[in-house]
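Trainee: Work out the full structure, taking the sequences as your base and the hints as a guide.
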Amino acid sequence: MRYLPHTSEDIAQMLALVGAESIDQLFEDIPANCRREGELDLPAPLTEWDLNTHMDGLADTMGAAPRYKVYIGAGSYDHFIPEISRQLLLRSEIFTAYTPYQPEISQGTLQTIYEYQTLVTRLLGMDVTNASMYDGASALAEALLMSIRVTKRKKVVVSKAIHPLYRQVVATYFAPTDFEVVELPFGADGRTDLSAVGDLSEIAGVAVQSPNFFGCIEDLKQIGETIHSDKKTLFVVGFSEPLAYGLLKNPGSQGADIACGEGQSFGIPRSFGGPGLGMFSAKQKYVRNMPGRLVGKTVDVDGKSGFVLTLSTREQHIRRERATSNICSNQGLCATASVMYMAALGGTCVRGLAQLNHDKAEYLKAGLKGAGFEVPFAAASFNEFVVKAPAGFAARRDALLEKRIVAGLPIASYYPELADHYLFCATETASKSDMDLLVKEVSA
Amino acid sequence: MSHTSSETTWMPTGTTGLIFNEPLLWEQGAEGRCGMSVPESDVLMSPLDSELVGDGPDWPNLSELDVVRHFTRLSQWNFGVDSNMYPLGSCTMKYNPKINERQAALPGFAGSHPLLPESLSQGALKLLYDLERYLAEVTGLPAISLQPAAGSHGELTGMLIFAAYHKAQGKPRHKVLIPDTAHGTNPASAALCGFKSIPLASGEDGILTPEMVDELMDEDTAGIMITNPNTLGLFENNIKEVAEVIHAKGGLIYGDGANMNAVMGIVNMADVGVDVLHLNLHKTFSTPHGGGGPGAGPVCVTEALRPFLPVPRVVKEGDTYRWDEDYPQSVGKVHAFYGNFGVLVRAYSYVLSMGPFLKKASQLAVLNANYIKESLKEVFHLPFDRVCMHECVFTDKYQEQHKVATLDMAKRLMDYGFHPPTVYFPLVVHGAIMIEPTESENKETLDRFIAAMRAIAEEAREHPDLLHQAPRNPKLGRLDETLAARKPCLCG
Numbered sequence: 003m004r005y006l007p008h009t010s011e012d013i014a015q016m017l018a019l020v021g022a023e024s025i026d027q028l029f030e031d032i033p034a035n036c037r038r039e040g041e042l043d044l045p046a047p048l049t050e051w052d053l054n055t056h057m058d059g060l061a062d063t064m065g066a067a068p069r070y071k072v073y074i075g076a077g078s079y080d081h082f083i084p085e086i087s088r089q090l091l092l093r094s095e096i097f098t099a100y101t102p103y104q105p106e107i108s109q110g111t112l113q114t115i116y117e118y119q120t121l122v123t124r125l126l127g128m129d130v131t132n133a134s135m136y137d138g139a140s141a142l143a144e145a146l147l148m149s150i151r152v153t154k155r156k157k158v159v160v161s162k163a164i165h166p167l168y169r170q171v172v173a174t175y176f177a178p179t180d181f182e183v184v185e186l187p188f189g190a191d192g193r194t195d196l197s198a199v200g201d202l203s204e205i206a207g208v209a210v211q212s213p214n215f216f217g218c219i220e221d222l223k224q225i226g227e228t229i230h231s232d233k234k235t236l237f238v239v240g241f242s243e244p245l246a247y248g249l250l251k252n253p254g255s256q257g258a259d260i261a262c263g264e265g266q267s268f269g270i271p272r273s274f275g276g277p278g279l280g281m282f283s284a285k286q287k288y289v290r291n292m293p294g295r296l297v298g299k300t301v302d303v304d305g306k307s308g309f310v311l312t313l314s315t316r317e318q319h320i321r322r323e324r325a326t327s328n329i330c331s332n333q334g335l336c337a338t339a340s341v342m343y344m345a346a347l348g349g350t351c352v353r354g355l356a357q358l359n360h361d362k363a364e365y366l367k368a369g370l371k372g373a374g375f376e377v378p379f380a381a382a383s384f385n386e387f388v389v390k391a392p393a394g395f396a397a398r399r400d401a402l403l404e405k406r407i408v409a410g411l412p413i414a415s416y417y418p419e420l421a422d423h424y425l426f427c428a429t430e431t432a433s434k435s436d437m438d439l440l441v442k443e444v445s446a
Numbered sequence: 356m357s358h359t360s361s362e363t364t365w366m367p368t369g370t371t372g373l374i375f376n377e378p379l380l381w382e383q384g385a386e387g388r389c390g391m392s393v394p395e396s397d398v399l400m401s402p403l404d405s406e407l408v409g410d411g412p413d414w415p416n417l418s419e420l421d422v423v424r425h426f427t428r429l430s431q432w433n434f435g436v437d438s439n440m441y442p443l444g445s446c447t448m449k450y451n452p453k454i455n456e457r458q459a460a461l462p463g464f465a466g467s468h469p470l471l472p473e474s475l476s477q478g479a480l481k482l483l484y485d486l487e488r489y490l491a492e493v494t495g496l497p498a499i500s501l502q503p504a505a506g507s508h509g510e511l512t513g514m515l516i517f518a519a520y521h522k523a524q525g526k527p528r529h530k531v532l533i534p535d536t537a538h539g540t541n542p543a544s545a546a547l548c549g550f551k552s553i554p555l556a557s558g559e560d561g562i563l564t565p566e567m568v569d570e571l572m573d574e575d576t577a578g579i580m581i582t583n584p585n586t587l588g589l590f591e592n593n594i595k596e597v598a599e600v601i602h603a604k605g606g607l608i609y610g611d612g613a614n615m616n617a618v619m620g621i622v623n624m625a626d627v628g629v630d631v632l633h634l635n636l637h638k639t640f641s642t643p644h645g646g647g648g649p650g651a652g653p654v655c656v657t658e659a660l661r662p663f664l665p666v667p668r669v670v671k672e673g674d675t676y677r678w679d680e681d682y683p684q685s686v687g688k689v690h691a692f693y694g695n696f697g698v699l700v701r702a703y704s705y706v707l708s709m710g711p712f713l714k715k716a717s718q719l720a721v722l723n724a725n726y727i728k729e730s731l732k733e734v735f736h737l738p739f740d741r742v743c744m745h746e747c748v749f750t751d752k753y754q755e756q757h758k759v760a761t762l763d764m765a766k767r768l769m770d771y772g773f774h775p776p777t778v779y780f781p782l783v784v785h786g787a788i789m790i791e792p793t794e795s796e797n798k799e800t801l802d803r804f805i806a807a808m809r810a811i812a813e814e815a816r817e818h819p820d821l822l823h824q825a826p827r828n829p830k831l832g833r834l835d836e837t838l839a840a841r842k843p844c845l846c847g
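In order, the protein sequences belong to chains B and W. For the first sequence, my numbering gives the first residue as 3, with consecutive numbering after it. For the second sequence, my numbering gives the first residue as 356, with consecutive numbering after it.
Don't read these hints as lab results, they were simulated from the structure. Please note: incorrect hints may appear among the correct ones.
Simulated crosslink set (DSS-like; lysine-lysine; CA at most 30 Å straight-line) [unchecked claim]:
1) W:842 - B:287
2) B:154 - W:481
3) B:154 - W:842
4) W:842 - B:405
5) W:481 - B:405
6) W:842 - B:234
7) W:798 - B:162
8) W:842 - B:285
9) W:752 - W:714
10) B:223 - B:234
Stretch-level coverage of chain B by chain W, calculated; a stretch enters the list once three of its residues show a Cβ under 8 Å from a Cβ in chain W [said to hold, decoys possible]:
11) 152-164
12) 192-205
13) 308-320
All values reported here derive from a predicted model rather than from experimental measurement. Every residue gets a Cβ at the ideal spot worked out from N, C-alpha and C, and that includes glycine.
Mentor: Next comes the structure, spelled out in structure tokens:
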């Protein structure tokens with residue numbers, strides 16, 4: 003086996019030094035009633051070439067872009083990924099390193115993550131960003147738990163227009179606790195209706211998502227002002243499409259105390275939903291309540307500037323059961339991919355790309371309207387939007403799969419009140435001619 | 356630089372070469388540059404309400420080559436498994452096979468949307484289904500969720516299962532026993548689920564005894580979290596008896612599988628009484644750690660606990676696979692989609708490449724650790740002198756008289772071209788040096804590592820300042836961590 007370097011001579015010499023007669027003898031300390039008999043019942047090892055054939059066969063069954071035109075976003079977006087990020091990520095000094103516990107020989111990882119923290123902080127208009135969480139969903143759950151730590155209150159409020167799968171994860175994290183999660187409805191325009199928020203003095207944090215699950219851009223300023231009528235309640239702004247903030251007013255400028263969400267859009271393949279990237283930023287005054295690792299700047303013995311993991315007294319390996327979170331491994335390589343993407347795109351081009359995403363989706367929205375779809379929500383949207391489909395669309399959508407087109411995502415299973423409603427997404431990868439074809443195909 | 360050790364004259368692996376200084380991203384660039392193609396628009400521009408539009412992020416503007424040089428130079432300041440031996444105890448830094456990267460990058464996998472119709476996801480669903488079966492064979496536990504994104508996420512899922520199970524029995528419990536040798540993630544994960552952790556001191560020979568467990572176990576205790584082999588590198592020989600004590604009082608056994616690399620094909624976790632176990636695929640199953648993640652922390656449980664696993668689950672009907680959400684006792688979802696699928700692809704590829712040789716990997720990992728232990732125990736204090744599993748733990752006791760500490764030796768090891776072992780963990784061993792070579796290292800590399808450690812022990816006696824000033828070969832010397840924490844500068 004090519005991953006196992008030991009020759010029988012090596013093994014004999016090593017056993018002699020160890021003072022054992024056989025490898026089995028090394029395991030004799032394990033009580034006999036704890037040892038298993040026989041060999042593992044696993045398929046015989048494949049050669050590299052047979053493995054490739056097998057994997058190609060599995061991958062070929064998938065309805066993946068670019069072979070398929072998939073007009074679904076919903077927390078996982080089709081954006082072009084520059085070749086440089088694929089190749090640079092394979093620099094094995096980066097991808098075969100562990101968490102940078104030894105800073106002198108981990109400066110590459112540490113500076114990269116410091117740069118990630120900085121560019122995300124600038125994107126979201128916040129003060130401080132951690133080194134990453136697992137995904138947008140766990141980042142939201144951790145943000146709400148953080149609001150409870152900060153305020154010592156026991157109730158959090160989340161908008162129903164937040165990604166339904168993120169809300170399911172929040173429910174899982176909160177189930178064994180005695181904290182309460184209350185949901186806010188959305189209004190007729192597709193944005194959160196804050197009027198039912200209740201007594202803010204009992205609420206640790208209020209979370210909305212913008213753009214929300216329906217693609218609608220929330221009125222963050224108005225929501226923030228209402229929430230901050232109580233001095234303690236934290237305003238949590240979630241997102242699943244960070245590219246929107248290439249164009250939109252950022253959460254920090256609208257009063258967010260915590261901004262968190264999914265960063266997959268920035269140079270990370272959709273990869274059937276993971277690995278993605280949980281982005282997590284906050285205002286400076288909450289830094290010691292944040293979950294996750296932080297990279298900070300310092301100097302070495304000779305006064306040269308460098309970076310280390312810092313403020314680790316918040317973390318599980320020091321604070322154990324009193325830690326701000328249990329997270330240890332995070333999504334470091336995905337954070338690395340995203341900072342490469344942000345660096346390559348730059349401050350000027352990100353605006354153009356974000357505008358292009360908005361324009362493509364508006365084009366598709368207008369086309370679908372012309373084809374007999376209704377647009378139920380009047381609020382402005384970014385690169386995805388909800389439509390109500392005309393009768394017979396479900397069957398037409400199934401038939402289109404044969405033509406390698408996936409026409410939107412049905413959302414009635416998440417929102418029973420939205421029967422026949424579909425969420426469509428168009429990014430820069432959707433060409434006008436492909437969208438024209440889609441519209442033609444779905445026209446009655 | 357050459358060093359004389361007692362046996363041979365040899366050149367250390369570490370040396371210095373030409374590497375580059377590189378400023379921060381925003382200290383370079385110029386307005387007007389862009390490092391990425393942005394497509395021309397083929398549709399009409401549709402302006403957003405100006406009330407919604409902001410200034411956009413203040414990111415630098417760089418060319419493509421600027422970005423390539425930047426990250427290439429940064430990568431050269433790093434140390435990875437591909438650089439040299441990385442004996443970080445409890446982290447299982449084994450070789451990350453290159454072919455696995457090809458599989459994860461296949462357009463069919465990398466380009467797949469998670470909410471595709473099942474008819475267009477059959478390959479991914481089959482992969483997940485089969486990987487679950489393979490991990491069930493390795494652990495002996497029949498029911499598996501691949502959703503947790505890392506080891507501690509697996510622990511959290513396990514603790515959620517503990518809570519849900521006891522609630523279903525009609526009597527929620529409030530405490531969990533956690534040995535003092537456990538990773539910090541164990542008590543932190545238990546606390547997230549509202550459990551109070553009750554610390555449990557390990558016995559004189561480094562392992563748990565059923566008597567100690569019996570003393571603390573009661574009907575308000577949900578169970579125990581055990582890392583086996585434990586973080587001292589020792590097998591918990593009494594695990595079966597400990598499990599009997601816990602089970603007799605209605606509790607459950609959580610197995611932290613961080614150290615599974617010692618016992619694949621050797622111990623069946625179900626047979627020794629484990630009810631819930633997480634695996635770290637980025638350790639035992641060779642997926643790259645990426646400088647911090649992503650990992651994957653599948654949770655494996657007994658048949659009795661299957662109802663509580665996260666949803667959705669993959670089910671097979673005839674030759675087709677589908678998602679199933681209908682498990683009313685499930686703890687719910689712990690990830691927006693199905694976990695770190697790209698990591699699962701790599702682990703699956705590893706299992707198919709290794710097959711039954713996984714057992715051999717564990718055997719050789721244990722042989723390598725014992726070889727190092729026996730080769731160094733004269734020069735470094737070994738607190739528990741018995742056959743170890745896949746890692747061995749020394750201390751700095753013999754070096755204290757020369758005012759040399761574990762940290763100094765760890766830093767000096769960098770000058771010799773090795774990544775230091777895990778240091779000062781487990782906490783119960785003063786000045787711990789925890790070495791895990793893994794099965795990937797050949798005998799010559801182990802011999803070079805042993806020679807470096809011996810040379811360092813000699814330097815501790817003869818030239819302790821060399822160690823206090825170490826490291827000198829890396830780009831930077833020791834960094835001021837106190838300053839970083841006292842005046843946090845987390846953003847440029």
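Trainee: With reference to the structure, classify each hint as holding or not holding.
Mentor: Results for each hint:
no.	hint	in the structure
1	W:842 - B:287	holds (14 Å)
2	B:154 - W:481	violated (46 Å)
3	B:154 - W:842	holds (27 Å)
4	W:842 - B:405	violated (59 Å)
5	W:481 - B:405	holds (23 Å)
6	W:842 - B:234	holds (26 Å)
7	W:798 - B:162	violated (59 Å)
8	W:842 - B:285	holds (16 Å)
9	W:752 - W:714	violated (35 Å)
10	B:223 - B:234	holds (17 Å)
11	152-164	violated (count 0)
12	192-205	violated (count 0)
13	308-320	holds (count 11)
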